[in-house]
Amino acid sequence: NAGVIQTPRHKVTGKGQEATLWCEPISGHSAVFWYRQTIVQGLEFLTYFRNQAPIDDSGMPKERFSAQMPNQSHSTLKIQSTQPQDSAVYLCASSLPDYAEQFFGPGTRLTVL
Amino acid sequence: GEQVEQRPPHLSVPEGDSAVIICTYTDSATAYFYWYKQEPGAGLQLLMSVFSNVDRKEEQGLTVLLNKKDKQLSLNLTAAHPGDSAVYFCAVSSNTGGADRLTFGKGTQLIIQP
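From first to last, the protein sequence lines are chains S and X.
The first sequence runs 1 to 113 under this note's numbering.
The second sequence runs 1 to 114 under this note's numbering.
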């Protein structure tokens, strides 16, 4: 099993550009979570899908951030008009829907210049 | 909402000694408890998971204690070795029905001195 795959591992964007981050969950895992990690705020929940349906997006910034899960094999997190404060490591995790353990990918380090 | 405090933020112990990390949570409905390890440039590696009906769990040199009365969770690494050097995070979840968001502590930077 390859584990959770996240691409790209590193992304550098200029202020105002768009960034799309990709996550491929573990095969058979139908719950997908996105978290953001910064030195100051630590690990913060962003959003969560179960069987491709959005369940909880209470951690998502109201503007510029969106997430989708078009099929069971991948999810995307899109940040429009990126700002320097969006710089962080974005972590994706997956789990079986009826089992609480979450397994994390290596993360995407986003740097906004 | 749920809040988790983790201490200490930094911990340095000689090789072979024990290291203890403690987390305190606020929501008495918290059902699942986790410890993760993060090495530089890597994601989170799940070390142990504990359900709320368990007070103590031991696996491969790690001991997790859960004190529901005091809402406290601890991780004890016995006979630490340099490979244990990493950042450790506790995490909790309230949903008893399976997958749900995690609330994390701020992390403990553990250094094992050779």
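Mixed in with the good hints there might be a few duds.
[Unchecked claim] Not the full set, but computed from the structure, chain X residues with beta-carbon under 7 angstroms of chain S:
| no. | residue |
| --- | --- |
| 1 | Tyr32 |
| 2 | Ala42 |
| 3 | Leu44 |
| 4 | Ser49 |
| 5 | Ser52 |
| 6 | Arg56 |
| 7 | Ala99 |
[Claimed, not checked] Below are the DSS-like pairs computed for lysine-lysine, each with C-alpha atoms no more than 27 angstroms apart in a straight line:
| no. | chain 1 | residue 1 | chain 2 | residue 2 |
| --- | --- | --- | --- | --- |
| 8 | X | Lys69 | X | Lys57 |
| 9 | S | Lys62 | S | Lys11 |
| 10 | X | Lys57 | X | Lys71 |
| 11 | X | Lys106 | X | Lys71 |
| 12 | X | Lys37 | S | Lys11 |
| 13 | X | Lys37 | X | Lys57 |
| 14 | X | Lys57 | X | Lys68 |
| 15 | X | Lys68 | S | Lys62 |
| 16 | S | Lys15 | S | Lys62 |
| 17 | S | Lys78 | X | Lys106 |
| 18 | S | Lys11 | X | Lys106 |
| 19 | X | Lys68 | X | Lys37 |
These are computed hints drawn from the structure, not numbers from a lab.
Keep in mind that this is a model prediction, so the values were computed, not measured.
The beta carbon of each residue, even a glycine, is placed where N, CA and C say it ideally should be.
- 27 angstroms Cα cutoff - pair Lys78(S), Lys106(X): holds (26 angstroms)
- Mind checking the alpha carbons of Lys57(X) and Lys68(X) for me, to see if they're no more than 27 angstroms apart? OK: Lys57(X) and Lys68(X) at ~14 angstroms, within 27 angstroms.
- Compare the distance between the alpha carbons of Lys68(X) and Lys62(S) with 27 angstroms, and conclude whether the hinted pair is satisfied. Outside the cut-off at roughly 35 angstroms; violated.
- Item | 27 angstroms limit on alpha-carbon distance, applied to hinted pair Lys11(S) and Lys106(X) | Between Lys11(S) and Lys106(X) the Cα gap is close to 25 angstroms, so the pair holds against 27 angstroms.
- Taken at face value, is the distance from the CA of Lys62(S) to the CA of Lys15(S) at most 27 angstroms? Distance of about 18 angstroms is within 27 angstroms: holds.
- Task: Answer holds if the nearest beta-carbon of chain S is closer than 7 angstroms to that of Arg56(X); otherwise answer violated.
- Result: Hint violated; Arg56(X) Cβ to chain S Cβ min 19 angstroms, cut 7 angstroms.
- Between Lys37(X) and Lys57(X), does the CA-CA distance stay at or below 27 angstroms? holds (17 angstroms)
- Message: Given the hinted pair Lys62(S) and Lys11(S), is their Cα-Cα distance within 27 angstroms?
- Response: holds (22 angstroms)
- Under the criterion that the straight-line Cα-Cα distance not exceed 27 angstroms, is the pair Lys37(X), Lys11(S) satisfied? holds (24 angstroms)
- Item | Per-residue hint verdict: Tyr32(X), partner chain S, C-beta under 7 angstroms | holds (5 angstroms)
- Distance restraint between Lys68(X) and Lys37(X), which requires alpha-carbon spacing of 27 angstroms or less: holds (23 angstroms)
- Task: Classify the hint on Ala42(X) as holds or violated, based on whether any CB of chain S lies nearer than 7 angstroms to its CB.
- Result: holds (6 angstroms)
Hints 5, 6, 15 from the list above are not met by this structure, while the remaining hints are.
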